[in-house]
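Novice: Residues per chain, in single letters:
Protein chains: 2
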Amino acid sequence: MGEEVTRIMIGVNESSLKGYPHPSISSKGAFEWTIKKIVRSNVSSFNLLFLHVQVPDEDGYEDVDSIYASNEDFKNMKEKERVRGTHLLEYFVNRCNEIGVSCQAWIRQGDPKDVILNEVKRLRPDLLVVGSRGLGPFQKVFVGTVSEFCWKHAECPVMTIKRSADETPRDPVDD
Amino acid sequence: MGEEVTRIMIGVNESSLKGYPHPSISSKGAFEWTIKKIVRSNVSSFNLLFLHVQVPDEDGYEDVDSIYASNEDFKNMKEKERVRGTHLLEYFVNRCNEIGVSCQAWIRQGDPKDVILNEVKRLRPDLLVVGSRGLGPFQKVFVGTVSEFCWKHAECPVMTIKRSADETPRDPVDD
Chain A
771 MGEEVTRIMI
781 GVNESSLKGY
791 PHPSISSKGA
801 FEWTIKKIVR
811 SNVSSFNLLF
821 LHVQVPDEDG
831 YEDVDSIYAS
841 NEDFKNMKEK
851 ERVRGTHLLE
861 YFVNRCNEIG
871 VSCQAWIRQG
881 DPKDVILNEV
891 KRLRPDLLVV
901 GSRGLGPFQK
911 VFVGTVSEFC
921 WKHAECPVMT
931 IKRSADETPR
941 DPVDD
Chain B
771 MGEEVTRIMI
781 GVNESSLKGY
791 PHPSISSKGA
801 FEWTIKKIVR
811 SNVSSFNLLF
821 LHVQVPDEDG
831 YEDVDSIYAS
841 NEDFKNMKEK
851 ERVRGTHLLE
861 YFVNRCNEIG
871 VSCQAWIRQG
881 DPKDVILNEV
891 KRLRPDLLVV
901 GSRGLGPFQK
911 VFVGTVSEFC
921 WKHAECPVMT
931 IKRSADETPR
941 DPVDD
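Same order as they appear, the protein sequences are chains A and B.
Counted from 1, the first sequence has number 889 at position 119 by the numbering used here; the numbering is strictly sequential.
Counted from 1, the second sequence has number 912 at position 142 by the numbering used here; the numbering is strictly sequential.
Because the hints were derived from the structure by calculation, they are not lab data.
Among the clues, some could well be false.
It does not matter which identical chain is used: a pair holds within one copy or between any two.
As the list claims (entries may be wrong) - Computed list of lysine-lysine pairs in DSS-like fashion (alpha-carbon distance at most 27 Å, straight line):
id: 1; residue 1: K806; residue 2: K922
id: 2; residue 1: K807; residue 2: K922
id: 3; residue 1: K798; residue 2: K891
id: 4; residue 1: K883; residue 2: K850
id: 5; residue 1: K848; residue 2: K788
id: 6; residue 1: K922; residue 2: K891
id: 7; residue 1: K922; residue 2: K883
id: 8; residue 1: K922; residue 2: K798
id: 9; residue 1: K891; residue 2: K807
id: 10; residue 1: K883; residue 2: K807
id: 11; residue 1: K788; residue 2: K806
id: 12; residue 1: K798; residue 2: K848
id: 13; residue 1: K788; residue 2: K845
id: 14; residue 1: K883; residue 2: K798
id: 15; residue 1: K883; residue 2: K848
From a predicted model like this one, the values you see are computed outputs, not experimental measurements.
Work the whole structure out from these sequences, hints included.
Specialist: Printed below as a string of structure tokens:
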């Protein structure tokens with residue numbers, strides 16, 4: 771073809787149920803759906819970009835059982851975070867290798883909403899794919915949703931893939 | 771492959787600027803983007819389903835300059851509507867024929883929001899594609915947006931393709 775490949779950015783995060791390095795139900799679902807229904811066997815036509823945003827408050831401190839008092843402590847914490855993020859991305863990169871589709875993957879720190887929009891601006895993918903827990907309006911008041919924010923504000927087409935009903939955990943806020 | 775094709779439903783409507791049979795800027799843009807970035811040269815992997823919803827109040831009465839008094843008048847009006855909808859769909863079907871991708875196209879009457887959701891339930895496409903004017907919150911208060919409603923409620927993945935800034939007419943509510 772000689773045509774440019776279609777670059778699809780996928781926001782991925784960890785599961786709140788199974789812990790690292792497991793991907794969340796919705797980001798795993800969004801990825802597998804994209805492969806099955808969009809990429810299909812046309813692997814050379816697509817390039818997948820996996821963005822994992824680590825939220826410092828959530829990811830860095832939740833399992834803290836000691837006070838960080840020295841530079842060394844902080845360095846260790848950063849290293850631990852980095853390893854966790856890398857494990858998550860490894861899952862998706864390995865799947866892409868199995869399938870034969872090219873990919874890149876990287877980690878950013880910050881508020882997922884802002885980071886995803888900034889990365890869309892910076893890298894200009896053709897399409898942004900986000901998984902969604904499919905929460906109702908009442909649940910959303912409390913947890914906010916990254917997918918809705920991206921859908922409204924991203925400067926590229928956005929594909930939202932809701933978690934299927936039979937994969938929804940007992941507490942739908944979990945993922 | 772022997773695999774099932776990916777069925778993509780695209781909601782299309784007429785332009786508020788150019789009149790029938792011209793497609794709106796956003797639905798034409800959504801279609802062309804889907805071809806260029808998703809279908810690409812893999813035409814045998816996809817099947818496009820074009821749904822055009824005619825809103826009786828908008829489409830049937832806007833150019834009325836006489837009172838409909840008999841059954842015959844209503845029959846003529848219905849026929850005129852049917853012809854207009856068919857011309858719109860012809861545009862997309864012709865493009866698909868040129869490209870070599872299989873498609874179906876049909877017309878429904880009613881509120882686009884409800885009709886699109888019902889058609890998604892009935893036909894179970896893999897993906898729903900909707901163009902969007904990309905209106906801000908203030909504009910949306912007055913015009914509502916079909917794309918937002920579909921994004922929230924459709925029982926399948928939804929891809930929203932915003933109209934590009936350089937295609938936005940002077941009044942962004944126009945399309």
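Novice: I want to check one pair: K922 and K798. Are their C-alpha atoms no more than 27 Å apart within a copy, between two copies, both, or neither?
Specialist: both (22 Å within a copy, 20 Å between copies)
Novice: Under a CA distance limit of 27 Å, which applies to K788 and K806: within one copy, between copies, both, or neither?
Specialist: Within one copy only: 24 Å inside a chain, 39 Å across chains, cut-off 27 Å.
Novice: At most 27 Å between C-alpha atoms: does K798 with K848 qualify within a copy, between copies, both, or neither?
Specialist: within (25 Å within a copy, 48 Å between copies)
Novice: Between the shortest in-copy and the shortest cross-copy C-alpha distance, which are at most 27 Å for K922 and K891: within, between, both, or neither?
Specialist: Both: 14 Å inside a copy, 25 Å across copies.
Novice: Checking K806 and K922: alpha-carbon separation at most 27 Å within a copy, between copies, both or neither?
Specialist: Close inside one copy (26 Å) and across copies (23 Å); limit 27 Å.
Novice: Could you figure out if K883 and K850 sit no more than 27 Å apart (CA to CA) within one copy, between two copies, both or neither?
Specialist: within (23 Å within a copy, 47 Å between copies)
Novice: Indicate which option fits the pair K798, K891 if close means a Cα-Cα distance not exceeding 27 Å: within, between, both or neither.
Specialist: This pair counts as both: shortest intra-copy Cα distance 24 Å, inter-copy 24 Å.
Novice: From the Cα coordinates, with 27 Å as the cut-off, is the pair K848 and K788 best called within, between, both, or neither?
Specialist: Within one copy only: 21 Å inside a chain, 58 Å across chains, cut-off 27 Å.
Novice: Go through the copies and call it for K922 and K883: within, between, both or neither, with a Cα cutoff of 27 Å.
Specialist: both (11 Å within a copy, 18 Å between copies)
Novice: My question is about K883 and K798: at a cut-off of 27 Å on alpha-carbon distance, are they close within one copy, between copies, both, or neither?
Specialist: So K883 and K798 pass the 27 Å test inside one copy only (19 Å; across, 29 Å).
Novice: Are the CA atoms of K883 and K807 at most 27 Å apart within a copy, between copies, both, or neither?
Specialist: both (26 Å within a copy, 25 Å between copies)
Novice: Within, between, both or neither: how does the pair K807, K922 come out at a Cα-Cα threshold of 27 Å?
Specialist: Both, since 24 Å and 21 Å are each at most 27 Å.
Consistency with the previously given hints is maintained throughout, with no hint failing.
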